[in-house]
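Order-wise, the sequence lines are chains G and H.
Heads up: the first sequence at position 317 corresponds to 317 in this note's numbering, and the numbers run straight through without jumps.
Heads up: the second sequence at position 13 corresponds to 13 in this note's numbering, and the numbers run straight through without jumps.
Please note that the accuracy of each hint is not assured.
Pairs count within a copy or across copies, as identical chains cannot be separated in the list.
[Unchecked claim] Below, in silico cross-link-like pairs of lysine-lysine (DSS-like), each with a Cα-Cα straight-line distance of 27 angstroms or less:
1. K308 <-> K367
2. K39 <-> K82
3. K308 <-> K24
4. K2 <-> K308
Since the hints were made in silico from the structure, they are not lab data.
Quick caveat, the model's predicted, so the values are computed rather than measured.
Number of protein chains: 2
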Amino acid sequence: MKFIVKKEILMESLNNTARAISTKNLIPILTGIKFELKKEGLYLYASDTDVSIRTFISADKLTCIEEGSIVIGGKYIVEIVKKLPNTDITMEVIDGYKLIISTDNTEFNLNGINPNEFPNLDLDETKEPIVIHNNVFKDIVNQTVFATSQNESRPLLTGINFRIINGELEVLATDSYRLARKLVTIDKEGDSDINIVIPGKNLLELVKMIDDNGTIEMHLFSNKILFKYENMIFLSRLLSGTYPTTSSIIPNSFNIELECNFSDLFNMIDRASLLTSDREKNTIKLSLDKNKLMISSNSPEIGKVEEKIEVISDKKIDISFSAKFMLDAIKSFNQDKILICMNNDSSPIVIKSQKDPSLIQLVLPIKTS
Amino acid sequence: MKFIVKKEILMESLNNTARAISTKNLIPILTGIKFELKKEGLYLYASDTDVSIRTFISADKLTCIEEGSIVIGGKYIVEIVKKLPNTDITMEVIDGYKLIISTDNTEFNLNGINPNEFPNLDLDETKEPIVIHNNVFKDIVNQTVFATSQNESRPLLTGINFRIINGELEVLATDSYRLARKLVTIDKEGDSDINIVIPGKNLLELVKMIDDNGTIEMHLFSNKILFKYENMIFLSRLLSGTYPTTSSIIPNSFNIELECNFSDLFNMIDRASLLTSDREKNTIKLSLDKNKLMISSNSPEIGKVEEKIEVISDKKIDISFSAKFMLDAIKSFNQDKILICMNNDSSPIVIKSQKDPSLIQLVLPIKTS
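Please put together the full structure from these sequences, using the hints given.
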């Protein structure tokens, strides 16, 4: 293997590929990145068995001198290329599995591994894809992923549920105390309905790599999902099991629909969250009475706080909830105005926005007495 | 105590004062900030016994309604004020030791502590000060502090040595493997000579607070040093003991004086440091021969690296040293060109710059065979 490539081009590809390398990987070959130079260009592979990534630099962006392949320690190759000057880099395999990385004044000589030891990642299979705009895909993930569970004792809830029914994609995340739901119309025709669960952390890695423009393809299989984006393929395993049915939890109607200014409400809750008696749940209280909305909290040792604003509502309610969950929910709306919808102090609180009906957030109240 | 003040003004003062609050403080009253409102303005105090800070907001920057004082949990008060809107804040002590913090829509009610329990910090003593420009003072600290020891087993070496002899301030730091020395001419007349050791971490906190313009006063006592800067007093305890004499370690003449471009040399060493066999010492090798400077390192399992540039020198040497220490030393110069001065492979390496003779850095070589 021998080729010459500009540093920036190689760096971008390496950075994206390296996201699949886990630092805790117990399989030595999987701490490496596989380089495979073919006539059409350079493929880079990495995998931690949970996620596999392939990036590609096409032949017109490099000078291919001799085809070939090698596996090289991922941590080192990324650090080395990052610190090289912005110039042409030559990479050459010599003496079996040694990789020479050189520029005008610099020569690295790295011990590599036989590329045949690298597992076959099976990234070439395709299905009829679902195509989604990057912006929409990023919203789907960013507006739901925070509501997944961090608790590995219920692994299914650490994932995000993607369901397709009659051309509509429903995306759900819940940790059983709160829930995020996003609906997206897609152009996939007919086919059987789909119901899968993708690990939330994998989707978070994926959205870090994609730009605002263009589209991303989803290729669905029974035990994996392939995302294709520009010159990259991103494979994630799926979580197995039946995701809980949550539709009955979301109330259809509300006694109280309170329109609030996004930043007013966010700042009030954010301040009140400073003084809560239960650090973990972060419980604060919302009280509505005579066109006054009050957010309050109380920590006996430290003190208490009361926040008041005028609102348009003659309804009355006292309801407690986790400040952190409510802040996460509010933050997911990119809107000036949001609606806080409630029935009573023991029924779920639903947060939505009139401008963007595709998204709802639900937070369960906390019983305080 | 009751006053009204703009959020930004209070915030700046609180942020600076809070630097003296240690999170590990075992004395409960010292986790607090003392507010003391007098006719002339508001004093804020904090101390972790190692460092004490007093900041001051003069009466013309606030509305004083009633003099008084209180101690309030430092962590909470800083977080609360940070999250308040940019507006006027009213602070009032009620019912003994309760502090009400209010804006138009917000009211915090915090449990405070009797201010008489707060220790007397003794910040009003003064001596004839040594006055130094802020820029010079920041250089003094930033160009030496990294060479202090992080090892508490030799506490004196965790400090920076300030000596004044005949109107010249000599500032020294060493961890016994490297040394940084800065010389500054000061305008202090006569007096007896001075030789003190100030904890390095305290000086680092102090330089974070000071701007580039203006001057800082140093008031020296036998067991403490007071810095006065704008509306702030910063007290640091001194380390006791006799700082080692280091002048005999610094060679007076050199066989080899190699002029290098700052960024070339830095980048070469930085890259070579990626592949060193001893992670901790980070040993790399410098070889000079026939106008060629080579920086190299070797990690048997991972690989090796060689960096070469042309230099003007017909001398010959092979010498090994810690890449990390050499990078720290080089970084401390704000110059394009630096001089690497050597005698032989077991004699100290001295780094200096022709443009700034006030600073020298010394790094001991490492014996590799």
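Going down the list of hints, with the structure as the test:
no. : hint          : verdict
1   : K308 <-> K367 : within (22 angstroms within a copy, 70 angstroms between copies)
2   : K39 <-> K82   : within (26 angstroms within a copy, 58 angstroms between copies)
3   : K308 <-> K24  : neither (49 angstroms within a copy, 36 angstroms between copies)
4   : K2 <-> K308   : between (68 angstroms within a copy, 22 angstroms between copies)
Violated hint: 3 only; the structure is consistent with all others.
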